[in-house]
Amino acid sequence: MDKNMKILVVDDFSTMRRIIKNLLRDLEFTNIVEADDGKTALPILKAGGIDFLVTDWNMPGMTGIDLLKAVRADPELLDTPVLMVTAEAKREQIIMAAQAGVNGYVIKPFTAATLKEKIEKIFERIDG
Amino acid sequence: MTNDTRLALARNLVAALEQGDESVADGLLDEIAGLREKQLFLEVGRLTRQLHDTMASFAVDSKITAMTEKDIPDAKERLQYVITMTEQAANQTLSAVEGLLPVSKELNEQAEQLSDKWERFLVREMPFAEFKDMSAEITKHFDQSKGSLQLVQQGLNEILMAQGFQDITGQIIKRVIELVHDLETSMVELIKISGNKGVESRVDSEPDLPGPVVPGVDDKKGGVAATQDDVDDLLSSMGF
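Sequence order for the protein chains is F and B.
Take the first sequence: its position 31, counting from 1, is numbered 31 in our numbering, and each next residue is one higher.
Take the second sequence: its position 29, counting from 1, is numbered 29 in our numbering, and each next residue is one higher.
Warning: the hint list may mix true and false statements.
[Claimed, not checked] Calculated lysine-lysine pairs in the DSS-like style (CA-CA distance at most 25 Å, straight line):
| id | chain 1 | residue 1 | chain 2 | residue 2 |
| --- | --- | --- | --- | --- |
| 1 | B | 140 | B | 70 |
| 2 | F | 90 | F | 116 |
| 3 | F | 3 | F | 116 |
| 4 | B | 105 | B | 70 |
| 5 | F | 90 | B | 63 |
| 6 | F | 90 | B | 221 |
| 7 | F | 6 | B | 140 |
| 8 | B | 220 | F | 108 |
| 9 | B | 105 | F | 3 |
| 10 | F | 116 | B | 105 |
| 11 | B | 221 | F | 108 |
[As the list claims (entries may be wrong)] Stretch by stretch, here's where chain F covers chain B in the computed footprint (C-beta under 8 Å, at least three residues):
| id | stretch |
| --- | --- |
| 12 | 16-23 |
| 13 | 58-70 |
| 14 | 180-186 |
[Said to hold, decoys possible] Sample of chain B residues with no beta-carbon within 10 Å of chain F, all distances over it, derived:
| id | residue |
| --- | --- |
| 15 | 29 |
| 16 | 51 |
| 17 | 108 |
| 18 | 124 |
| 19 | 133 |
| 20 | 135 |
| 21 | 191 |
| 22 | 193 |
| 23 | 209 |
| 24 | 213 |
| 25 | 224 |
| 26 | 225 |
| 27 | 228 |
| 28 | 238 |
Think of the hints as simulated: they come from the structure by calculation, not from any bench.
Predicted model only: the values in this text are computed from it and were never measured.
Just so you know, even glycine gets a beta-carbon here, dropped at the ideal spot from N, CA and C.
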């Protein structure tokens, strides 16, 4: 797993973005950019260079699931690993995210250990 | 009071008067008047009950009106303030932590470097010139530690103080819960007074994105992942 990879963190709550950013920094990822919903995230993704997307689901403007679908529908972006970090916990929603091609699903409130474990699992699969 | 009873009483009264029997006539007159009064009382009783119900419904009505006009907008403001306060506390805590992380990281790195050098000194692998450098570094490290640990102390105090929101928001939310309770009571009364026409209408008002699962509320019906383990199990059952 490349610690220099560029990570995009998308959440409408700035405090949650700060928490995730600090946890990622603790895992030695320092190349982090932020967006507050899918609408602002998509142009950043399209501009290129994002290696990993961490997104919330429920956001105004454009939701995380729509962002995920947009990423999977874009030939330039479709391989980007996506981790969803959300409070949405209905079984049908988790299934929907899985079917849309999410690589990992973390429900809030979460622990630093869970986030670490899911990120490692995603890149184990990709690198292996 | 049937017509027959009244007719019988009237005939008896006429007979008594014709016979000049004053006491019987008076008794019969009282009986007739009593019958009338009894009917009047029943009617007054019915009207009083109706008035009471109307007044009660009016009271409930005006209570609900007052709630809609004042208490509910107030409650919205109060809850908004809860969001503001919790956000402030989170930001205050995050700022303190973000300020301290590099401080503790630097101290940690210094301590690691020095302990490596110290090990070499203990096994007598260190030339004198390097020892002099190390002594200077140790002095510097102690100086810096003092300042840094003061910063840590200060930051920890900031984090401590930021938790004060819990008391305030707890009280505010309790007040809003009381309002919801009062509103519930008034509406139940209103439904009772209006005769409880009881139109069974179950509207499922669950939003598309229901958000956090509240234990005991959202997990009763099932169909939700209560923990990360539930999510992992579900995903692995789908071949993840």
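- Query: Which hint numbers doesn't this structure obey?
  - Reply: Of the numbered hints, 1, 4, 5, 7, 12, 13, 14, 23, 24, 25, 26, 27 and 28 do not hold.
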